[in-house]
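Participant: The residues making up each chain are set out below.
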Amino acid sequence: MLMRFISHACALRKRGQTVMAAAEKPTKGKLLAALDDIEVLSRELIEMLALSRTQKLPQPGEDTEILELLVQRDKEFQELMQTAVEQGKVHQEMQALEKEVEKRDSDIQQLQKQLKEAEHILATAVYQAKEKLKYIEKARKGSISSEELIKYAHRISASNAVCAPLNWVPGDPRRPYPTDLEMRSGILGNMSNMSTNGVNGHLPGDALAAGRLPDILTPQYPWQSADVSMGILPPHHGSDFGLEPPGHNKENEDDVEAMSTDSSSSSSDSD
Amino acid sequence: IISGAIYQEQARHRFQLELEFVQCLANPNYLNFLAQRGYLREKPFVNYLKYLLYWKEPEYAKFLKYPHCLHMLELLQYEHFRKELVNAQCTKFIDEQQILHWQHYSRKRTRLQQALVEQQQQHQPQAPSHGNTTSK
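As you go down the protein sequences, you meet chains F and A in turn.
Residues in the first sequence are numbered from 1 upward in steps of one, following full-length UniProt numbering.
Residues in the second sequence are numbered from 1 upward in steps of one, following full-length UniProt numbering.
It is worth saying that the hints were derived from the structure and are not from the lab.
Take every hint as true, because none was put in to throw you off.
If you anchor each label on the Cβ, the simulated ranges turn out as follows:
hint: 1; chain 1: F; residue 1: 149; chain 2: A; residue 2: 107; range: 21 to 29 angstroms
hint: 2; chain 1: A; residue 1: 107; chain 2: F; residue 2: 173; range: 14 to 22 angstroms
hint: 3; chain 1: F; residue 1: 133; chain 2: A; residue 2: 67; range: 29 to 37 angstroms
hint: 4; chain 1: F; residue 1: 173; chain 2: A; residue 2: 110; range: 18 to 26 angstroms
hint: 5; chain 1: F; residue 1: 117; chain 2: A; residue 2: 104; range: 52 to 60 angstroms
hint: 6; chain 1: A; residue 1: 104; chain 2: F; residue 2: 149; range: 19 to 27 angstroms
hint: 7; chain 1: F; residue 1: 124; chain 2: A; residue 2: 88; range: 52 to 60 angstroms
hint: 8; chain 1: F; residue 1: 124; chain 2: A; residue 2: 104; range: 39 to 47 angstroms
hint: 9; chain 1: F; residue 1: 114; chain 2: A; residue 2: 67; range: 52 to 60 angstroms
hint: 10; chain 1: A; residue 1: 41; chain 2: F; residue 2: 158; range: 35 to 43 angstroms
hint: 11; chain 1: F; residue 1: 153; chain 2: A; residue 2: 88; range: 33 to 41 angstroms
hint: 12; chain 1: F; residue 1: 117; chain 2: A; residue 2: 59; range: 43 to 51 angstroms
hint: 13; chain 1: A; residue 1: 42; chain 2: F; residue 2: 165; range: 36 to 44 angstroms
hint: 14; chain 1: F; residue 1: 153; chain 2: A; residue 2: 110; range: 18 to 26 angstroms
Output of the computed footprint for chain A on chain F, the stretches with three or more beta carbons under 8 angstroms from beta carbons of chain A:
hint: 15; stretch: 142-156
hint: 16; stretch: 164-177
hint: 17; stretch: 180-189
Below, a sample of chain F positions facing chain A; criterion: calculated Cβ distance under 8 angstroms:
hint: 18; residue: 161
hint: 19; residue: 233
hint: 20; residue: 234
All C-beta atoms in this analysis are idealised placements derived from N, C-alpha and C, irrespective of residue type, glycine included.
Could you build the full structure based on these sequences and the hints that come with them?
Facilitator: This is the structure:
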């Protein structure tokens with residue numbers, strides 16, 4: 001009866017193993033199962049030996065069967081132990097390798113960080129160097145000899161073009177711009193009769209009639225002539241200014257807003 | 001086909017013209033005149049004004065006797081400014097401000113001289129007769 005229980009239990013376990021055939025039964029489980037078997041078998045054997053003192057064996061040969069099963073289970077157990085030991089070694093190796101991998105990973109991350117930092121620093125340095133070069137170029141382009149600057153400053157100051165004469169009073173005809181008298185005496189003035197209504201209250205006929213401005217013999221004012229023997233020419237341009245020039249138009253309304261706030265009658269809304 | 005010499009001669013003439021014209025822009029009354037006759041509304045004229053900006057370069061600017069014209073030229077690039085110039089009150093205001101600015105350094109110099117005279121009079125209170133000769 002007990003034998004039937006044992007064989008039944010073994011059959012059940014084997015069935016359980018085939019059900020879980022896809023997942024390998026862990027060694028620990030196998031070991032525990034084997035231990036259970038051994039425990040059961042040895043208990044049975046001991047019971048039988050204890051009973052055989054008082055009564056006869058119900059089934060002859062049962063004790064040898066149990067013994068054989070016990071030996072078999074013991075052998076299984078030993079094999080499983082061996083496997084367990086080997087598995088333990090492998091597991092240890094795996095852990096060591098994992099640690100190694102972790103270390104390498106962190107090394108790589110560290111290097112990555114440093115590389116990124118170096119790239120950032122280099123990029124900043126290159127950018128600043130480029131800016132510097134740009135400014136150097138700009139400064140070089142705008143460099144003018146101090147002598148020339150002083151000469152020019154003297155020229156525009158001596159003629160009272162940028163600084164009023166010290167004895168100037170309201171009523172003095174001198175101005176910081178060419179007056180219409182001066183304008184008309186130049187090339188432009190002689191080319192075409194531009195003013196018909198008169199500018200600054202002067203009519204063109206007045207001066208002529210009074211004989212003060214003979215057309216041809218008017219002196220040239222210094223602002224109209226330039227030392228053209230230096231060979232400077234105006235920049236080349238196509239003759240048609242009707243075409244749109246390249247570049248954007250400066251339609252920046254905000255800058256000019258402040259100018260017209262004082263002129264009372266001008267409308268503030270744009271068309 | 002224009003030969004090189006003729007082109008140069010024409011270019012020199014054009015240089016003189018443009019030198020005169022750009023400096024005329026320093027005159028607010030002239031600007032008012034141009035605005036009222038509608039020149040400032042014409043697209044080719046506006047393009048011409050933009051072309052004239054080459055006078056800002058140092059190699060050209062050194063020929064300008066009336067540098068105020070460059071400031072006016074810059075302002076003329078803005079449509080808003082060109083529109084405002086039609087208004088005679090506006091250009092009168094510009095004229096007044098321009099003349100006041102023109103007198104700025106003279107006034108400053110006069111003030112400095114007065115301050116100097118006062119200082120010297122403080123140092124030498126015993127000799128009033130010498131005080132008047134310090135003013136130039």
